[in-house]
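Undergrad: Residues per chain, in single letters:
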Amino acid sequence: MSSAQDKTVIAVTPETEEILKHVEDSVSFGDRMDVAKLAMSVAIKKNLAPTKSSGRKTRWNVGGFDKDGAIGITLRLLFPSEVQPYRLAEDLIEAGAKYLNDLLQVDDHFHLLTFLKDMCPEEDRTTEADKTANG
Amino acid sequence: MCHVLVLNKLEIEDFGPFKGVQELAFAKPGKVCIVYGENMRGKTTLLNAIRYAIIGQIIGRGFRDESLHETGNWESAEQGKFGFRTTLWFDFDGSSFELTRGCRPRKEVKQPENDTDYEEYIHMVRDGRVLGPEEQKKDLRRVMSPETARFFLFDAELLQQYEELLRDPAKMGRQIREAIERILGVPVLTGARARLRDAERDIQQDRNKTAKKSKETNQLATFQTQNFEMQTQAEKEISTYQGELRRLGEHQQSLRRHLERLDRLGDLSTLQSERDSLKQEMQHLRDDLSHKADNIRQLNADLWLWILEPEIECLRDSLSAETGDWLKHQVRLEVNKELLGRCREGLESRTCSLCKTELSDSATEVLQSQVAELALSTKETNPESPQTEQLVRWRAATSVRVSSQVPFLRALLHDIEDERIALAETEEKQRDLDREISSRDRSDARKARSDLETTQKEIVVLERSLEESQKKLSETEDRLKGIGQKLARIGNPEVGFHTHRLEACKALHDVFNQAVVELRDRLRGEVEKDATKVFLKLTTEPDYGSLQINENYGLQIIHNDGRVIPVRSAGAEHIVALSLIAALQKNSSVSGPIVMDSPFGRLDSGHTDRIMRSLPDLADQVTLLVYKSEIDRDLAIDTLRGRIGHEYEIQRVSARHSILLPLEGNSHE
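Quick mapping for you: the protein sequence lines, in order, are chains A and B.
Note that this note's numbering has the first sequence beginning at 1, numbered continuously upward.
Note that this note's numbering has the second sequence beginning at 1, numbered continuously upward.
Same shape as in the complex, but just chain A (with noise of 0.2 Å):
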């Protein structure tokens, strides 16, 4: 397969597209396509499967999508043997978008700053200098 048949629109099915409504309303997002993308990259994070699924509908250009192509490239940087970055993206919003969902099972809420603490811990800020000083 060459990277000439990659996708050229970005589809997701009606449950992921719930999902992500339910994500957009509970945060401020500018854009459902920034759930999206969100959702992408707490796949690649959490290193969740592609998910493969039917009944997807159509619902962003690639070139709306990935305007600076920063997506394609970081798609093709971690997944080097990977030859259609945007289909990939397309299975890892699916997946992504499954995680977000048990999110909010906990109390259909989806609470930012908790999300955050999970995929960007805070940096220890002690310095190793504070470390000796402290013994």
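Just so you know, not all the hints are guaranteed correct.
In silico lysine-lysine, BS3-like type, Cα no more than 25 Å apart, as pairs [to be verified]:
1) A:Lys21 to B:Lys292
2) A:Lys21 to B:Lys81
3) B:Lys471 to B:Lys236
4) B:Lys506 to B:Lys212
5) B:Lys209 to B:Lys506
6) B:Lys209 to B:Lys236
7) A:Lys21 to A:Lys45
8) B:Lys209 to B:Lys481
9) B:Lys292 to A:Lys117
None of these hints come from the bench; they were simulated from the model.
Following the hints, complete the assembly by docking chain B onto the known chain A.
TA: Just chain B, lined up with the frame of chain A:
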């Protein structure tokens, strides 16, 4: 006999900010349960949940009944789940009870809008057996009545009401006096006395019927019947007047309180300007929140990238050496391409591209061989991995956005949380002010004063009517007494039999009457003694010698020199009120738990410390709902030394969602 009530566990569902199902385990008798929570987290709501669980009442500020609709959790309601529930597990007189109360929307109502859209329910299980409605009612009345609950479950506002009553016993309402007597068990005797009174009437009727049968007593009996009717009529009037006077008295008190509050709050324009400044503050908060939400929206567009930044950084580290080589090679390639172009240009124009002089044949030959070499080198591909190339491209594509803004995003989210709390608090303040302003709009001071005047006039008229009816009753009773004596003198044996019964009954009534007086005196003495004992433990003033109780259970502080202290500080009032409650607990016919909401708010550290030390002695089971600045947790642990049963913290999830979280480390159960 003293009945023992022990609370074991409370489960609440969607009650106020307590979303979903949450649990509070009470401390065992002899120990204290402390619930810490900052303002607006739900301490008073928790007290209300306990109160609702026991007596089915929710009391708001100013002793107003809270709305069922507004008590349900707002977040759950937004998600279409309406109503709330409390389940209380407790032991009473050796039996175990499970009491569930709650409310849910009526079947036909899909979107409840007010209290009429709800139905309340109650289930009670005693020792594993479900109780019927009558049994439920009977058992609930035995356990705790709404009148006595005020001595078990109280907050600073209720305590303040006692302080006012203790300061001015004349104001001590009949209801509270009755409630005090109820808790002390006086109704056992007064109830029996009332039954004897009824029995006396029945015997009189029996005697009257017998007297009517005999010629010699018939006339007297008829006269007696007429007087019975007059007596009943007078009693009815007295009861009506007393009821009306009670109602007017309460109305008068509430008007006085209203006027006092108006005086305290100043004029309407002050309230309105305060409300305006709150509105401005809220608008400012809303604008700021909206601005911060916009910032978050913008930041969230790149959140996907920041999440992956550590993974990319990790990759960059592992590829750093390769990246350097790849870049060098790439630069060489680009330079060679540039050179090749220039050489080709030179060959075509037969001039040097640098100095513009004409090329000699030998120079052209050298240039041709250079072009061949360069052409070969530019056909070489970069031998490094495509990942390195992607990394370089990735850097170029994301250079503006990388360097994670997550700490900034996090700070913004924390700011938003704080501002939302501030907004909710300000909204609450504004609602209070709105209520105040609208109540003043409806009945301003002039109207309240005029109402008070009218009420006072009505009271005077009613008191006069009551006096007349009482006089009428007294005259009738004298006449009946005279008729009774005459009947006794006539010597009809059958009538005489009833007369003997009547005398026995009267004698018994007198015994109970005397017993009531003696019990009241004894109880007042006991309450005075116990209140003094507690007061001396709690007060920090060494010159205070004792407390003195009066007829109405009002308490005065007596100086060591025997004189009454005329003016008492707010702290002293507070301590006196607590002492009364503790004394009532000790003398109560039900030994029960006490739940106190923010009881230390107006006390200095000396008094707080003394109360903390005495807590386990105030009641068998104590639950404290406090804010952290009211008592320091470490100090509480140190002061109570192992007498803490459970500790909880009310943690905020959102303005409409709090969690009751057990604190680890100090449970001794």
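Undergrad: Against each hint, give a clear statement of whether it holds in the structure.
TA: Here is how each hint holds up against the structure:
no. : hint                 : in the structure
1   : A:Lys21 to B:Lys292  : 21 Å, holds
2   : A:Lys21 to B:Lys81   : 21 Å, holds
3   : B:Lys471 to B:Lys236 : 14 Å, holds
4   : B:Lys506 to B:Lys212 : 22 Å, holds
5   : B:Lys209 to B:Lys506 : 19 Å, holds
6   : B:Lys209 to B:Lys236 : 23 Å, holds
7   : A:Lys21 to A:Lys45   : 21 Å, holds
8   : B:Lys209 to B:Lys481 : 17 Å, holds
9   : B:Lys292 to A:Lys117 : 20 Å, holds
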